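Visitor: Add chain F to chain P, keeping to what the hints say.
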Amino acid sequence: MQADQNLEAVYVDKHYNLVVECKQGNKKACYELYKLYSKAMLNVAFRIVGNIAEAEDVLQEAFLDAFNKVKDFRQDTTFGLWLKQIVVNRSINMLRKRKLELIEMEGDMLENIADEEAEDDEDIQYQAARVKEAIKELPEGYRLVISLYLLEGYDHEEIGQVLNISENTSRTQFLRAKRKLIDILKYKGITS
Amino acid sequence: MSKRLEEFIEMNRGEFDDLEPSADLWSKIEMHLPPQYNEVKKAEAKTFSLGFVLRVAASVIVVMGIGFAAYLRSEKKPHIDLAAINPIYAQQQVEYTSMIESKRSELKSIAKSDPQLYEEFSTQIAKMDSTYKKLNSELSTSPNQERVLHAMIRNLQIQTEVLNQQLNVVEQFNKMKNEQKDDTKSI
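Which chain is which? The protein sequence lines are P and F, in order. Numbering follows our numbering, with no gaps: position 107 of the first sequence is 107. Numbering follows our numbering, with no gaps: position 144 of the second sequence is 1144.
Keep in mind the hints are simulated off the structure, nothing from the lab. No experiment lies behind these values; they were computed from the predicted model shown. Note that the Cβ used here is the ideal one computed from N, Cα and C, for glycine as well. There may be inaccurate statements among the hints.
[As the list claims (entries may be wrong)] Computed cross-link-like contacts, BS3-like style, restricted to lysine-lysine with a CA-CA straight-line distance of at most 25 Å:
{"hint": "1", "chain 1": "F", "residue 1": "K1028", "chain 2": "P", "residue 2": "K27"}
{"hint": "2", "chain 1": "P", "residue 1": "K186", "chain 2": "F", "residue 2": "K1003"}
{"hint": "3", "chain 1": "P", "residue 1": "K69", "chain 2": "P", "residue 2": "K23"}
{"hint": "4", "chain 1": "P", "residue 1": "K188", "chain 2": "F", "residue 2": "K1003"}
{"hint": "5", "chain 1": "P", "residue 1": "K35", "chain 2": "F", "residue 2": "K1028"}
{"hint": "6", "chain 1": "P", "residue 1": "K71", "chain 2": "P", "residue 2": "K39"}
{"hint": "7", "chain 1": "P", "residue 1": "K71", "chain 2": "F", "residue 2": "K1028"}
{"hint": "8", "chain 1": "F", "residue 1": "K1003", "chain 2": "P", "residue 2": "K132"}
{"hint": "9", "chain 1": "P", "residue 1": "K97", "chain 2": "P", "residue 2": "K23"}
{"hint": "10", "chain 1": "P", "residue 1": "K180", "chain 2": "P", "residue 2": "K136"}
[What the hints assert, rightly or not] With the C-beta cut set under 7 Å, the calculated list includes, among others, these residues of chain P facing chain F:
{"hint": "11", "residue": "A40"}
{"hint": "12", "residue": "Q125"}
{"hint": "13", "residue": "Y126"}
[Said to hold, decoys possible] The calculated label-pair distances, taken between Cβ atoms and stated as ranges, are:
{"hint": "14", "chain 1": "F", "residue 1": "E1015", "chain 2": "P", "residue 2": "V20", "range": "27 to 37 Å"}
{"hint": "15", "chain 1": "F", "residue 1": "E1010", "chain 2": "P", "residue 2": "E133", "range": "15 to 25 Å"}
{"hint": "16", "chain 1": "P", "residue 1": "T77", "chain 2": "F", "residue 2": "V1053", "range": "22 to 32 Å"}
{"hint": "17", "chain 1": "F", "residue 1": "M1064", "chain 2": "P", "residue 2": "T77", "range": "57 to 67 Å"}
{"hint": "18", "chain 1": "P", "residue 1": "N17", "chain 2": "F", "residue 2": "A1070", "range": "46 to 56 Å"}
Here chain P stands alone, though its shape is the one from the complex (with noise of 0.2 Å):
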């Protein structure tokens, strides 16, 4: 989340005052925090729930939730990663209503991954749109790991709790995701 944390901390004090204004019921402040974060919580919720009429489901109910909710938000962190966390946590409820078999994943863990032969990705020359297409072409669980992990920058033990699962599956998961990636992407570049 470092990342995250970086660009919001130039805003902080400016978005402070608009979440301040949102408390106070001011609906033209709400929309400026709409404007402010609907486009990157889209995209959180896209690469977790995989298609883009439930992500747009799910955004639109996070921000009803937060607005919802703001007023007992005590402004001890930005209103991007408060948002962010009830977006991510209503884009995995929207997957469980799918009945994701995250549990799957936890068999997935007895084999070995240090048997694994390590990750050669040195001839990928990587380009954002493939990877993002080859993402879209992972299983599931893959996904949702790869991506929390890589683009919404959670640590393990972040997913672990969000996800209900140790933080070593969620390790573990990570590598196998990353691998099956990779793969993809050779493939890819083979073929195109």
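Guide: Relative to the frame of chain P, chain F by itself:
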């Protein structure tokens, strides 16, 4: 394990946020906003109209107060029907007052040509007029209104006489002036 992927994503983080929320999403959120946001707006409108009402009410009270004060003042000066005390005196009062008025305006014509004389004359009249006013204020409370009214009429009579004399003096003075002029011309 290589960290190239991690590094790449960190370097190009912005490119991963490429989706834009649809334009009508805010209106959907707005529709479901908790009532506090709309209530506050209404409350603001209410306080505004309340303030407006208060301002209107305050100005109404001020206007009413001024009106009431004016009413009280007019009540303090009760109009006395002089004709009920003595109809002849009442008639005389009207006659004398109008006469005095016309004579005083006549006298005013010398104000420019002889301001010193005019001032002397008008202070004489003013003294008498203040006596008349004193009598007039006594009239409402006096046990013998007819006597007071009589005194008032006498005052008006004297005022008229004094004014007549003053006008005579002015007339003679003017004559003298004219004769002097004629004399100087004839010489």
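Visitor: Given the hinted pair K97(P) and K23(P), is their alpha-carbon gap at most 25 Å?
Guide: Outside the cut-off at roughly 31 Å; violated.
Visitor: Between K69(P) and K23(P), does the CA-CA distance stay at or below 25 Å?
Guide: holds (9 Å)
Visitor: Below or equal to 25 Å on CA atoms is what counts here, so check K71(P) against K1028(F).
Guide: holds (21 Å)
Visitor: Is it true that M1064(F) and T77(P) lie within 57 to 67 Å of each other by Cβ?
Guide: Because 59 Å falls inside the window, the suggested range holds.
Visitor: Take the C-alpha atoms of K180(P) and K136(P), compute the straight-line distance between them, and say whether it is at most 25 Å.
Guide: holds (12 Å)
Visitor: Grab the minimum C-beta distance from Q125(P) to chain F and call the hint holds if it beats 7 Å, violated otherwise.
Guide: With a closest approach of 10 Å, the Q125(P) hint is violated.
Visitor: Between K35(P) and K1028(F), does the CA-CA distance stay at or below 25 Å?
Guide: Given that 25 Å is the threshold and the Cα spacing comes to 14 Å, the pair holds.
Visitor: Take a quick look at whether K186(P) and K1003(F) sit within 25 Å of each other, Cα to Cα.
Guide: Measuring from Cα to Cα gives roughly 16 Å; hence the hint holds.
Visitor: Measuring from beta carbon to beta carbon, are E1015(F) and V20(P) in 27 to 37 Å?
Guide: holds (33 Å)
Visitor: Hint validation: A40(P) versus chain F, beta carbon distance must be below 7 Å. Holds or violated?
Guide: holds (6 Å)
Visitor: Cβ-Cβ distance between T77(P) and V1053(F): within 22 to 32 Å?
Guide: Between T77(P) and V1053(F), where Cβ atoms are some 45 Å apart, the hint is violated.
Visitor: Against the range 46 to 56 Å, how does the distance between the Cβ atoms of N17(P) and A1070(F) compare: consistent or not?
Guide: holds (54 Å)
This entry does not satisfy hints 9, 12, 16, going by the numbered hints stated previously.
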